[in-house]
Structure formats: C-alpha cells, structure tokens
Amino acid sequence: MNGHRIDWCFGFAFDPRTFHAWIAVNGQPVTDNADDPVRSTYQQVLTV
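Residue numbers (my numbering): 18 to 65.
Rather than coming from a laboratory, the hints here were simulated on the basis of the structure. One thing to keep in mind: the hints can contain errors.
The following label-pair restraints were derived from C-beta to C-beta distances [as the list claims (entries may be wrong)]:
hint: 1; residue 1: Gln60; residue 2: Asn19; range: 25 to 33 Å
hint: 2; residue 1: Ser57; residue 2: Gly20; range: 16 to 24 Å
hint: 3; residue 1: Trp25; residue 2: Asp53; range: 15 to 23 Å
Quick caveat, the model's predicted, so the values are computed rather than measured. Built from N, CA and C at the ideal position, the CB exists for glycine as well.
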C-alpha cells in the first residue's frame, strides 16, 4: 500500500503451551499498547 512489506510471524513463549502470531513491518512487531511486549515474551520461529 505504501511500499511496506508485512510479515506474518509465529512464535512461542517459555511455557510450551503458549504461542502467539503477529504481523511485523520492516522487522518491527505491530502491537497495541495493551499487548505484551513481543520481543521479550515470545521467541519467533517462523516468518511468512
């Protein structure tokens, strides 16, 4: 739309039953103020 690439990311937390998916633009997660911090909470394992 504005020349930005959007990546769909998937990751997990230390607890193996906790996982999360998010979008990222230029390698930075797109989050809301109410969201947990992605980089310190989840280990990214897949980007599409």
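Exercise. Does the Cβ-Cβ separation between Gln60 and Asn19 fall within 25 to 33 Å?
Worked result: holds (29 Å)
Problem set entry | Satisfaction of the hinted span 15 to 23 Å by the C-beta atoms belonging to Trp25 and Asp53 | holds (18 Å)
Exercise. Holds or violated: 16 to 24 Å for the Cβ distance of Ser57 and Gly20?
Worked result: For Gly20 against Ser57, whose Cβ atoms are near 29 Å apart, the range 16 to 24 Å is violated.
Violated hints amount to a single one, hint 2; each of the other numbered hints is respected by the structure.
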